[in-house]
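**Student:** Chains Y and H, in that order, give the protein sequences.
The first sequence lines up with residues 640 to 1251 when you count with this note's numbering.
The second sequence lines up with residues 8 to 513 when you count with this note's numbering.
Here are the simulated distance ranges between beta carbons: (1) TRP797/Y <-> GLN467/H: 21 to 29 Å; (2) TRP295/H <-> HIS996/Y: 54 to 62 Å; (3) GLN463/H <-> TRP797/Y: 16 to 24 Å; (4) TYR705/Y <-> ILE50/H: 30 to 38 Å; (5) ASP375/H <-> ASN666/Y: 32 to 40 Å; (6) ALA653/Y <-> PHE28/H: 43 to 51 Å.
None of these hints come from the bench; they were simulated from the model.
Remember, it's a predicted structure, so these values are computed and weren't measured experimentally.
For glycine and all other residues, C-beta sits at the position ideal for the given N, C-alpha and C.
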Amino acid sequence: MLYVLSIITFLPLASAIINGLYKNYLNKTACNIIALSAITASAILSAYVFYIFYIQSTPALEVTLYNWAMINNITFNFGFLIDKLSSVMILVVTFVSLMVHIYTIAYMEEDKGYIRFFAYIALFTFAMLFLVLSNNLVQMFFGWEGVGLVSYLLIGFWFEKPSAVRANLKAFLVNRIGDCGLILGIAGIYLIFNTVNYGQIFNLLAKPLNTTVPLWIVTSCVFIGAMAKSAQIPLHIWLPDSMEGPTPISALIHAATMVTAGIYLIARLGGIFNLTPNVQESIMVIGALTAFFLGIVALFQTDIKRVIAYSTISQLGYMAAALGVGTYDGAIFHLFTHAFFKAALFLSAGAIIVSLHHEQNIFKMGNLAKQLPIIYVLFLLGTLALVGFPGFSGFYSKSAIIEAVHASKFHYAPYAHQLLLAGVLMTSLYSFRLFFIVFHRKSQTHAHHIAKTLWVPIAILMIPAVFVGAIYAGPEWFAKLSHGFMDTEFLMIALGFILAYLAYYQFPQISEFLSKGLKYFNLIFIHKYGLDLLVDKIIIPSVRFIGNFCWQFVDLKIIDKQVNAFGLVLTKTASALRKLQTGLLYHYIFVVIASAVMVLSWLVKDQIMGSI
Amino acid sequence: MLVEQHILSALIWLPILAGLFMVLFTGSSKWSYRGISLSVTAILIALTILLYLNFNPMLKGMQLVESYPWFSEIGLFYSLGVDGLSLPFIILTTFIFALVVYKIPHVAQEDLNKYMACFLIMQGTINGAFLATNSILFYIFFEATMIPLFLVIGLWGGENRRYATIKFILYTFAGSLFLLIGLLYLGSLAKAQGLNNSDVFNLLNLAQIKVPQDFQKILFWFLFVAFAIKVPMLPVHTWLPDAHVQAPTAGSVILAALTLKLGGYGLLRVVLPATPMAAAYFANIIIWLSLGAIVYVALIALVQTNMKKLIAYSSISHMGFVTLGIFLMFKLPPNTTQALSLNGAIMVMLSHGLVSSAMFFGVGILYDKMHTKEIKDFGGVAATMPKFASLMMLFSLANCGLPGTSGFVGEFAVIMANMHTLNIWYIVLATLTLLLGASYSLLLYKNVFFGPVHSQAVAQLQDITWQDKFILTALALGIIFLGIFPNSVFKLIGNPTATLISTLFN
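Generate coordinates for the entire structure from the input sequences, incorporating the hints supplied.
**Tutor:** Next up, the structure:
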């Protein structure tokens, strides 16, 4: 199994290295062959591993790769841990990555960075697999930073665009805030458990812990890391800006895989989080707040990718809420279904953008239902899965979360439950708003024909996006389905649909009236509650001010002034003592060495005398 | 075999003699100087490999020892030795100097012989400082490294080089005087305590000299200041940015990669063994100064407008992690993670040696093309120099400690150990380096490499030559190798650090 897992992980790395280093010597065909064969092999093997460890429920297996560091008796071994959780993750990662690889062939066809792009997504796939397959926290951190790095590189893929390089720096730095938390969490776990290996940590959990620091501090630190990566309030601010990157990576990285790394991490460390219910409750509350409030923001966006990005944040909120109430399976289930339908939605959006000459403003779209019938159908299916229409995959995963929160005994659970239900309404509202504006609003847009390689991967992704929920739910799928039409959630979805239909299709005057009448109210949402303004107008200038103060005042005015004064005194003394013509440099060396010799001889004179 | 017995002497004297030879025999062609310096470098690489092969990391204490009486009556011996602590630095020295000598300088066209001579002599003296086991010999080499460096900055430096060199000299010699007095005092104490002549100034015997506790507190500062200036620590760091900005590229590389490391090495070799109690007593102050370097200096780096100054401040900030890691040992509960902290500190030094030299090489390449180091004159270089941009991306990431690069290993180990102090301030401030380091490194990268092409001059830039590519690739491979296989270093430094820890905390 070591070999299988190594091949799954390192094949994409090999493809990334070859395409990255030899990009000037390869043509597009060679690049495609290398990248696609690597990811295909990886995906097939992942499916095989998934079959063994998930479907056949083979017990978890741990294999060691190599000894990364051994400091005295402290050892850090790198290796793989494969169990149900990681087998689900690798299947999602490799499958979505494969579809994105195929999609990219057509999407990036005209771009001069074509091969570089393939190198990046292969590198990303490697880092993500390294993250989820790791058997310890340090190696996980390698993957964690690796995916962050590739995300940084890909958001700034078109590095001539100032907005893109602003966005990627922001993404990296916000994630670094999370990393500060995460690395402290790892250090804290090491402090308590004396190991960073998952298996050993889980074994120790069974026994009473002798904690030198309160465990809740450690889990909070880990959660801060997860908050940044999985875009929870208030560290979500980087994700909407990340849409500056090419659309395929918005699907792969900023919807399906990387942003779920935080969810994965908490699910992986669920055993520790279970011991700190107060942290769990905070996670639930933050998740529910994210799910609802960022859903509202999605309603006010005009960029098609940003609508979907806010929708991603909102859905991540659902997953976080599930983690909060301890249903790790539920969170991973939603992660699983979300990966497929959100990737599909993003890729559909990308297809629309391409067909309209890279137009992303939804108010410059419209009337696309007839022009892009295939995308229309696919987008509708994706939307239904997203809103959780009974029978679609999102329905099963989302209702599992809402039920779990409902059943929770936490004090704030009822409020969280309400927020999540309201979130369903928002999801339905913004999804159908987008749907009506893009596909049914009357307009003069003229869409181009789209290539087969663009829509086929979306269609393939749509299969699990529609059906996987029912399969996952097991034999009860039909009972749940028939129940689904009577739930509050369905009411919310229907309400959202009707409101969106009325306001954005039937009577567009309503939405226009609202946006004018509630101008100042709207501003709050358009500015995303002002967090970006806070960062740009207050935090960054203050940091720069402090830096300048330290430099100009403390370093130059206080410290250097003393040094210069001392230097001046020395220069004057020296030149008064001897009027030599030599340069100052030699002068000083001479003075100092001479005095050194004097001091030396004075100090050792006793010994010299003694030895004589 | 004769060669194997004298590898250490050869590492020191071969480059020094070759350098002197080149100064004396002027008038030859540029290519003959280059030929001589390159062949000396090739021999030194071979010697270093030989040294590595002859070194047994399992043994404790010094190996390949050479010792000859010098002024044996007063305890001066010409004695050299190598252990797991000095070996990685010797390898780093050989590696960095090989790259420096390989690079054809833009500054010294007329007097290439002097320029090369300075660097060869510098290499010999730096090797000497790392290999000396007699404290006075160590002192001599430690000081001697400065002279060729002054000359390099003074002769081939920028416009404001006089101010920079004077500042540099004032700082370093001020510290050195105290160091000499401290070492001589230790020697006389050893003599008084009846040690053999051969042990009076033996660097390895410092721990056996009993210094009265009150005296230790004074002696500590005498010994400490010289190394603190060299590291450089807050608040005696202001010479470094000026020296870097004025120094030619190769001078900056050596200064950042190796000279600063002498400071950290001296702390481990001299200060801690000689005055352990005082070191424990003052640890809190030193840790706060280190944290100051990590946060305060990083904030200064963030607002720099000159590339070299920014990297210089970033160096100070990184070296803060070295002193933090070293003195953190005294604040950790007994028998916990002292080794992690100390090994981490050494790893930060080695990593910084590679990363900072790569950054300075990179800035030098840009400066040679554009004749400016101001960040505002750049922008969009990635479009015109893609290969260079990719390599610099890697170095910037290593500078902010990305896992998989050497920059991560040491910082990670120190942060892990730091947690055991349970001191919230230590923990929070040290960890901020993740954020601050990324901020200034990537902000620099963004402003120089990303964005639209800034000017006509940037648009006309040519990508790096194969020579520069070779140098940067070699550094990049070193950085990645240490990031993925840090054990190659930990294996070497494991024994000496364990010995040091047991003498400090037995």
